[in-house]
Amino acid sequence: MVKKVHPKLEEPVEAENWTEGIEQPLALMEQIDEDFAAIAELANHSVISARQFSREQLIQLCRLSAKFETQQSFGQFPLTGKILISAFYEPSTRTRLSFESVWHRLGGDIISITDPSTTGIAKGESLKDVAEMMNHYGDVVVLRDSNERAIYEMLEALRIPIINAGNGTDEHPTQALADMYAIFKWRPELMSNEVSDDKKITIGIIGNPGRMRTVRSLLLFLSRISQAIKEVVIICNTTESFSQDQREELEAEGLNIRVSRELEPELPDIDVVYINAIAWVGNTYEEHGIEYKLSKSSPLKKGAIILHPLARGEELSTDLDDTEHNWYFAQARGAVFARMALMSSLVRF
Amino acid sequence: MVKKVHPKLEEPVEAENWTEGIEQPLALMEQIDEDFAAIAELANHSVISARQFSREQLIQLCRLSAKFETQQSFGQFPLTGKILISAFYEPSTRTRLSFESVWHRLGGDIISITDPSTTGIAKGESLKDVAEMMNHYGDVVVLRDSNERAIYEMLEALRIPIINAGNGTDEHPTQALADMYAIFKWRPELMSNEVSDDKKITIGIIGNPGRMRTVRSLLLFLSRISQAIKEVVIICNTTESFSQDQREELEAEGLNIRVSRELEPELPDIDVVYINAIAWVGNTYEEHGIEYKLSKSSPLKKGAIILHPLARGEELSTDLDDTEHNWYFAQARGAVFARMALMSSLVRF
Amino acid sequence: MVKKVHPKLEEPVEAENWTEGIEQPLALMEQIDEDFAAIAELANHSVISARQFSREQLIQLCRLSAKFETQQSFGQFPLTGKILISAFYEPSTRTRLSFESVWHRLGGDIISITDPSTTGIAKGESLKDVAEMMNHYGDVVVLRDSNERAIYEMLEALRIPIINAGNGTDEHPTQALADMYAIFKWRPELMSNEVSDDKKITIGIIGNPGRMRTVRSLLLFLSRISQAIKEVVIICNTTESFSQDQREELEAEGLNIRVSRELEPELPDIDVVYINAIAWVGNTYEEHGIEYKLSKSSPLKKGAIILHPLARGEELSTDLDDTEHNWYFAQARGAVFARMALMSSLVRF
Chain A
21 MVKKVHPKLE EPVEAENWTE GIEQPLALME QIDEDFAAIA ELANHSVISA RQFSREQLIQ
81 LCRLSAKFET QQSFGQFPLT GKILISAFYE PSTRTRLSFE SVWHRLGGDI ISITDPSTTG
141 IAKGESLKDV AEMMNHYGDV VVLRDSNERA IYEMLEALRI PIINAGNGTD EHPTQALADM
201 YAIFKWRPEL MSNEVSDDKK ITIGIIGNPG RMRTVRSLLL FLSRISQAIK EVVIICNTTE
261 SFSQDQREEL EAEGLNIRVS RELEPELPDI DVVYINAIAW VGNTYEEHGI EYKLSKSSPL
321 KKGAIILHPL ARGEELSTDL DDTEHNWYFA QARGAVFARM ALMSSLVRF
Chain B
21 MVKKVHPKLE EPVEAENWTE GIEQPLALME QIDEDFAAIA ELANHSVISA RQFSREQLIQ
81 LCRLSAKFET QQSFGQFPLT GKILISAFYE PSTRTRLSFE SVWHRLGGDI ISITDPSTTG
141 IAKGESLKDV AEMMNHYGDV VVLRDSNERA IYEMLEALRI PIINAGNGTD EHPTQALADM
201 YAIFKWRPEL MSNEVSDDKK ITIGIIGNPG RMRTVRSLLL FLSRISQAIK EVVIICNTTE
261 SFSQDQREEL EAEGLNIRVS RELEPELPDI DVVYINAIAW VGNTYEEHGI EYKLSKSSPL
321 KKGAIILHPL ARGEELSTDL DDTEHNWYFA QARGAVFARM ALMSSLVRF
Chain C
21 MVKKVHPKLE EPVEAENWTE GIEQPLALME QIDEDFAAIA ELANHSVISA RQFSREQLIQ
81 LCRLSAKFET QQSFGQFPLT GKILISAFYE PSTRTRLSFE SVWHRLGGDI ISITDPSTTG
141 IAKGESLKDV AEMMNHYGDV VVLRDSNERA IYEMLEALRI PIINAGNGTD EHPTQALADM
201 YAIFKWRPEL MSNEVSDDKK ITIGIIGNPG RMRTVRSLLL FLSRISQAIK EVVIICNTTE
261 SFSQDQREEL EAEGLNIRVS RELEPELPDI DVVYINAIAW VGNTYEEHGI EYKLSKSSPL
321 KKGAIILHPL ARGEELSTDL DDTEHNWYFA QARGAVFARM ALMSSLVRF
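So the sequences go chain by chain: A, B and C.
If you're matching positions, the first sequence starts at 21 in the working numbering and goes up one per residue.
If you're matching positions, the second sequence starts at 21 in the working numbering and goes up one per residue.
If you're matching positions, the third sequence starts at 21 in the working numbering and goes up one per residue.
Certain hints may be false.
Since the list gives no way to pick one copy over another, a pair counts as held whenever it fits inside one copy or between any two copies.
In the EDC-like style, the derived pairs of lysine to aspartate or glutamate whose C-alpha atoms are separated by at most 16 Å in a straight line are [to be verified]:
1. Lys148 x Asp341
2. Lys322 x Asp291
3. Lys219 x Glu273
4. Lys28 x Glu173
5. Lys24 x Glu269
6. Lys322 x Asp342
7. Lys313 x Glu61
8. Lys24 x Asp190
9. Lys24 x Glu273
Please keep in mind that the hints were generated in silico from the structure rather than gathered at the bench.
Bound conformation, chain A alone:
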């Protein structure tokens, strides 16, 4: 009884057709002119907080992301000879692989620190000494650390840029950049200086805005395009949701924010649903809003898109994967080009 070869092995894998979905990044690029000066300002800057970016820099980075996405191949390798120090002190696969893949695609090399206990165990070695060491070995550092202040301490002695890949519960700016890139590909007109009322969007964020670094950075970026947003609805059922001054800062930038305890009544009016139930805190995770679930049977608005930084759990049902609402796969795919745009802008050639 000859066992058959698994049917999927009999055909070549269905490679991604690089032209599929190319109309979206092309449309984004046509929406605004290239402004290279905004990008040039970023050279050799560290990236820790979404606050660092002006609206112009944000939309130009997204335009540059689209430029990368529309290229069939990278004939040039701008990061040839450049070394990334990859320091992920919290468990991560997705974000780490994302950064490493991007760095390689652009021609660079990588050295890694995976176990922080091997770094300067000697009693009293300071983060400044670790930073001083990194100055000699690489051109850019990417750091994920459950200690929120670590990246700021290292700034004191670093002479190479450092990118925040998640510092405690504080921020995760590159993930938020990927989120914004997805939003702008979906509706390029949101990048305009002025957006008519009928085109403004309502964004629903399911989660705890004070405790989730992905949400914190995203809200800051959304405040840069407050003229395009009718309302941000935070779906959260804890009493304390925002951290101190967080809501005030966002409202001062022009964001209209409302908090609701209920998801289903809000959904029919929401254009962009952002959901993420897991917040990493050190080596464990907190669950936020785990009782809020999205599935095909949820009362989603027609044409609404769902964003999720992934990995997902039960809060986002797989039965949504084949619907028009699924923009979380496009978001993951676009994250690569968003990081390409950022990394290539940071490194001075």
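Based on the hints, put chains B and C in the right spot on chain A.
Only chains B and C this time, still in chain A's reference frame:
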């Protein structure tokens, strides 16, 4: 009292003379014509089971391996810009380094997942989601996993090729390819369509054919050249040796199989002795046939060769290392070229 | 209340001006002529002990280090296509990143073994078998192992060079090379065949010369330039300081050695202060001379330099960082170029 420098340090290391042993791969290449079509069929296919390969593809892959082995250097780097996702969830050094070395030699880059617990810990993240992520970050995946079904589940969502580096107790096709390459270098005439009776070989396999993935894959490849094999003798002393339908499948392909509990009485008639006492199962290992040992005093047939995937234990004595029977070092060396042949065939440039 | 962006993020990072400090390596290069033959002898040699180097090879390696330090960029990548097997079995970040950074800067690729338990776990696999495996996968091995003899055992079967990155308490030759490079940049005249008495230096080494591999290798290198050294003062308060024959071997090479239990009375006469309180022994560390501390208030000689392999603890106060005595940062920076010089000399192109 001046300490002397270790004598071995006073001379340069004896570099491998690349022309040494070159007559064997050259003879293999002369035995059959190149058939590029057979190789071209492999482009963009995943490799999970030895069943996927026809006899023609098997011998052409070995011919391509010989072509790599006879090249002094690789002036070209066909995998430039290509990324391998190296996912070894079971302990491995040998196989992992083998794949990584090959990928670098051909000009590619590598990103690694070494601790599966950092991948999608969020409750319920499916292997399909992990596969979807990998689609964005690399061009080929190589996976070793004690979960036999994992690689098949990932196939559902992967749009890039995946190579099985060992899935539970099921298969290890690239190791078996290296084994066949060693056999064909030793006796290129075994690659012919017809082999006269006096040239057919007897292969002795010491181990449990049902539980050892290296043996399972090897037996499948041997069944592709059943016309060149007089008999396969399985040396095994457990009652249950084959898994369900395993023996029937091989015999249906024309292999003559016999099982024996005794090693020494069989050895004088065996041309190729395959031995491997350790089968990894998760983070531990099972020992199979540990009571069967080979050493210089074993009644080996004159001209017989010994294959062992290494690492070895006491089942294979080091006193055989300097004898004509030692083909396990050549097998290890050839494994690099066998993987080069396979990897370069899979990736569509 | 809009939170401000951290001030350090508002400006680009202060990139290292590559011309800063360039006069020192330039002066070193002018001190002696290039003698390429001395370097050529090193091709394909393993590096385990500082004893392997003659005085001429030592100073030529430092001259080559200076050559690397004065290059603005590495237009060529001499290690293109070459693979380094990075095997760090003891915890390390600094030394490992140093080697990996250097190898990448010169264009090479790296494969790593980080967990020795995954290497040849099969009972009885010998280090010779591990070495045999490495012959197939790479061009150079770098090894750090708490087992002092491991590197010598592997020499038996290796056909590629191996570099000792620390073997138990025995030696750490590349660190000592970096130390010598710092000393020669500070005072190039010490490289001369003859050094007048008023120019000879006094070196103070705080630590246990028998138990600290960095010190052991450094003393051997210092014995190569004994004509430039007035005295080596070992600051150590244990009864047993030197290992057997260690002191005799150094004195036979012409080093004047004295041991003192007190630090402060010695400092005013010391030109080079070497301090390192931590000696790694396996997965833990021993502390040596932890009661000896250096700070701004120590009675340091004017113009004296402090060397420390880093990471540091409380034995070296940060208040010295901004003083003229701080040569430990320059030492760390120069270690990169010292390893470039060594690695590029070892690999036969």
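Margin query: When the structure is checked against the list of hints, which entries are broken? Sort them ascending.
Written below: 3, 7
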